[in-house]
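Chemist: Listed below, chain by chain, are the residues.
Number of protein chains: 2
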Amino acid sequence: MPQAKMKKFTIRFEPSGLKTDVPAGTTLLEAAHKTGVYLSSICGGDGYCGKCKIIVNEGQFQSRPTTLLTPQETRENIVLACQSKVLSDMTVTVPKWHSLDVGQILTGDDAKRFRNLKGEAEVVGFELDPLIQKLYLEMTPPSLSDHTADHERLYLAIRQKNDAPIIQMGFRVLQRLSPLLQSSDYKVTVTVGRRGGTTEVVEIESGNHCRRNFAIAIDLGTTTVVAHLIDLTNATTIDTEATYNSQISFGEDYIRRIIYAEENDAFDELQNRIVHDVNDLLMTLAVRQKVDLQDITACVCTGNTAMVHFLLKLDPTRIRREPYIASAGFIPPIRAAEAGIQINKRGLLFCLPSVAAYVGSDIVAGVLTTQLYAKEGISLFADIGTNGEVVLGNKDWLVCASSSAGPAFEGSGVKHGMRAGAGAIERLAILEDGSIELKTIGDTHPTGICGSGLLDTLAELYKNRIIDRMGRFRIDCDSRLTEGQEGLQFQLVPAKEGHQEIVITQADINNLIRSKAGVFAAIRVLMDATQTKSEDLDAVYLAGGFGNFLNTSQAVVVGMLPDVPLEKIHFVGNTSIAGAKTVMLSQKALDISEEIAKSMTYFDLMSHPTYMEEFIRAKFLPHTDLSLFPSAGLVDSLQ
Amino acid sequence: MPQAKMKKFTIRFEPSGLKTDVPAGTTLLEAAHKTGVYLSSICGGDGYCGKCKIIVNEGQFQSRPTTLLTPQETRENIVLACQSKVLSDMTVTVPKWHSLDVGQILTGDDAKRFRNLKGEAEVVGFELDPLIQKLYLEMTPPSLSDHTADHERLYLAIRQKNDAPIIQMGFRVLQRLSPLLQSSDYKVTVTVGRRGGTTEVVEIESGNHCRRNFAIAIDLGTTTVVAHLIDLTNATTIDTEATYNSQISFGEDYIRRIIYAEENDAFDELQNRIVHDVNDLLMTLAVRQKVDLQDITACVCTGNTAMVHFLLKLDPTRIRREPYIASAGFIPPIRAAEAGIQINKRGLLFCLPSVAAYVGSDIVAGVLTTQLYAKEGISLFADIGTNGEVVLGNKDWLVCASSSAGPAFEGSGVKHGMRAGAGAIERLAILEDGSIELKTIGDTHPTGICGSGLLDTLAELYKNRIIDRMGRFRIDCDSRLTEGQEGLQFQLVPAKEGHQEIVITQADINNLIRSKAGVFAAIRVLMDATQTKSEDLDAVYLAGGFGNFLNTSQAVVVGMLPDVPLEKIHFVGNTSIAGAKTVMLSQKALDISEEIAKSMTYFDLMSHPTYMEEFIRAKFLPHTDLSLFPSAGLVDSLQ
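Read top to bottom, the protein sequences are chains A and B. Using the numbering used here, read the first sequence as starting at 1 and increasing by one per residue. Using the numbering used here, read the second sequence as starting at 1001 and increasing by one per residue.
Okay, chain A solo, but in the shape it has when bound (with noise of 0.2 Å):
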């Protein structure tokens, strides 16, 4: 059937209004992509987690049956809109909870921290020196007295302004020069980047655009990607956000996706999906802080390091198999253009280096945000992504690691588990009369939980004794255990109002388990290597995306840290995007990284002779040698 016949049907999204024609038999998630209109989605479309709801006022659909929608919410109208094709005009109400605010816990007090780099550069140890900037310069036109050549004219205005030895300048940019330097009076703007010890006069622009200079950060994780856009003129970030990463359809963790691309040479979809993610969350900013995509002039990306190669379509095949090395470490900067980031045309794209195939660029960005290698005494820093990787170190050695921790303290693999967002539980407790007192962001009605809130749960439950030492359910303890679908599972919130109950089940349980044993076993093959006892640590630092709040106490007290003073233990946040910014605003950040790139020495736990003994032993709550949690003895006491 030729396309031009199929009928186009309006489909209205309420609350924005915002509307767009597509044609009959398109999802409604595919109309909200079309439209601009945000909904999350974790399978990208595949109909399996249940994240897309939106909520049908008018018109005609068919969808697919499916079990992730409770009897009442199809009474309500609600919908998978990933399962449901438009049949008729419609129109349709997104839910609140997939409001693009969503992302903007993940920056928290980092974000705040990073304001203050804003002519206070001793805060983070770097004077503000950006990887782009914009200057503006006044030249004296050229004149029968002074016939210097345009090209070389600028190149010395630009050497007035700026140390630049080496000036690189790209054909299309040379062949506008001279046109637009008369035209302006010889007043322009240039956009000079730093690209590998040259300076690349990116950009030239007529009269003075120097407050209009943005960048974004990037944080390529393996489940969640985040974004930050940073106002180059004054350093500060000004506004965040955050998406689930649509390669998660292909797989949870990063190697599933790399058999999942090489078996079905889908190289080129991982990148668009990753890509798409990018320019989502570039979109929504700039959409937002009314930024024009002209006005962002450099992109710094951190990750893991398959992310990065998914992302650049370098070949990441051989991450997963031996010898297990990256394509390339450290990654020239390019234009962004040619990975398919839509910021300036001519911008450019940075990528921290990385240290090994599964140590990658965030855990670099980790250690300059935490200044680990600057430090005299020995520091602890462990950052709990879909992996959980590891680092010791103080300014004269660096010793990494990685560990497949998966995705649980992430919010994906949990039943109830979702990125820090609106709604979602950070803190709960269980009071001592049995009660459960919980704090979700942004203080709604929880739609579901965050790291932070199942770290408290998985702590608490094992505080309150309702799961034991291996983390199994106590059948007989509490009457808010029941028989799920997935077995055994414990109610923290009861169904109301239309709202769904929130449960943990014991796949949830074992999920964190396998999480914080994967990075305790991690931190000891560490520790053992180095000799390094617990007493020797003089700081102990969390990174991920837990949520802006976390109670490091319960870290230690389900032995994902090691059993050291609180006042010891600090919760950096995101320090991937953190350490992306760093390095934005800093050219020396960035020389520094690469330092700490080359200086890192990386364990490689699969091939390591007790990483399998510690992680088993590391399975139990705490540990099975209570002798390493001392402050663990009451808890214990209790079991």
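No lab work stands behind these hints: they were computed from the structure. Ideal Cβ positions, reconstructed from N, Cα and C, are used throughout, including at glycine. Hints are supplied without guarantee of correctness; some may be wrong.
Said to hold, decoys possible - Reference listing, derived: stretches of chain B covered by chain A, where coverage requires no fewer than 3 residues with Cβ under 8 Å from a Cβ of chain A:
| # | stretch |
| --- | --- |
| 1 | 1147 to 1160 |
| 2 | 1191 to 1205 |
| 3 | 1331 to 1338 |
| 4 | 1427 to 1433 |
| 5 | 1449 to 1463 |
Once you have looked at the hints, place chain B on chain A.
Modeler: This is chain B only, laid out in the frame that chain A set:
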């Protein structure tokens, strides 16, 4: 009429046998271009130069009447290819004088000299260190004990062979890197090029391809474009080729072409013409030497400032207009493909720096080649092309100027002028009995006169009192003096067996004298300004496309060069292309050429108080002031 219905005819070119199909009405010149058959053509098809003569063997055609063919030629079915439109299938013969070896002689001694560079670096003062090199690298593949990423592994291997503090790599090369290293078992050839202080990995290939690495040097003359094909593996010039600049139909000098381009918004067309000429030369050389264009990895260009601007489509308009400046004097290396030059698609284009709007990189190349910049004693350098540029100086100072000499000595604007190709009269003497002795390039029947022959002709006519000191024919002196279509003309070669007679006209002589006067006046201005006397000159270098041979004494006889002992005068041929090749083969030479360009002081003759006066005085043979030419006394006594 729909194009599809337009009738097509087959044109066969003898002796090559090459064929093409063209629509009715196509000119034979267009058909030749399409087939890749080379035909001389100065005017670019406008029908006024008369160079594109071709013999029709068979077939119907329509020709416009022309005075550029003799009745004898018409009887022999000779036509102007550009004025003859195809009306049927045709067979035509391309006369030998078009043959592609006509350019070879422009290299001559120069090419021979350059071959010495191999292994004899002291000859030209530079070590062999080409701007672009192929390196064969055998790397140890990664293993469990050596997990260096591919990208960093390659950089380490490059640095073992090459001093490369800053290495850059384009994104497309980076993306191909890992698969290629794996499939080649880590044995690859990298092509590395110098890009303004950095080393770029331009290309990467599986296996060893080091023995195939070529570059092309281009001299972009206003009238003539010369190309040398260089084998970079042994630093030898393996072939050379030349063509008239096909921009010539837009004006004989570049000022007229800039005006044309401005008035007709024809900058694209001007660029297309010169790029087409360069590609034509490139193809010719590549086909003849069986060199794959992919194996030509670099192009080095020299030329006057305007020609380089046309080639790169940089704005040339202020070259002709106050404040008389270039858009760029120092052109950053770019990818040749960006300018449309059809070497390896990632190959680099280097342009030598220029000094000013009227002193281009060809002159910098001349100073480099003659080593003027390094000598204790004062030398004079004069390059006679369409303009006549002059440089005076030594290791401490350099001054330069440019006179609009006109292209007479390049054979343009002279009735039987031609470039130094087969059949050109390169030497001419009038013997005591009044008979003319001459030598042609290739020792064939003469078909025209090249630069050295024109200089001889002017000097011999003067010495034999056939012209007076103002260059006017003495009407009564010789039976070979006749009245032609354009006034008085002197027969040098009588018509014979279908060959046309060769004459020199009064207009030709006036053009030649104007050229030599411009050059000498520029020399006088620079010598006066620096208080340099003739006897202070250690050496005088005469450059230009005169031909292989030049009788330097004649340059003194006519008053083109100062009257210094003949052993001090050196004919150095095409130093523009020689300099381009030196730079191609030596990074150091590029650095020095930049120093030369920066340090030269430019004298603007148009605004100079005494230049016009000097010019008028120099329009005599040899000069109004005979005291400047003491050794010309003998000739003068004859007048």
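Chemist: Please name the hints from earlier in the document that this structure breaks, with their numbers sorted from lowest to highest.
Modeler: 4 and 5
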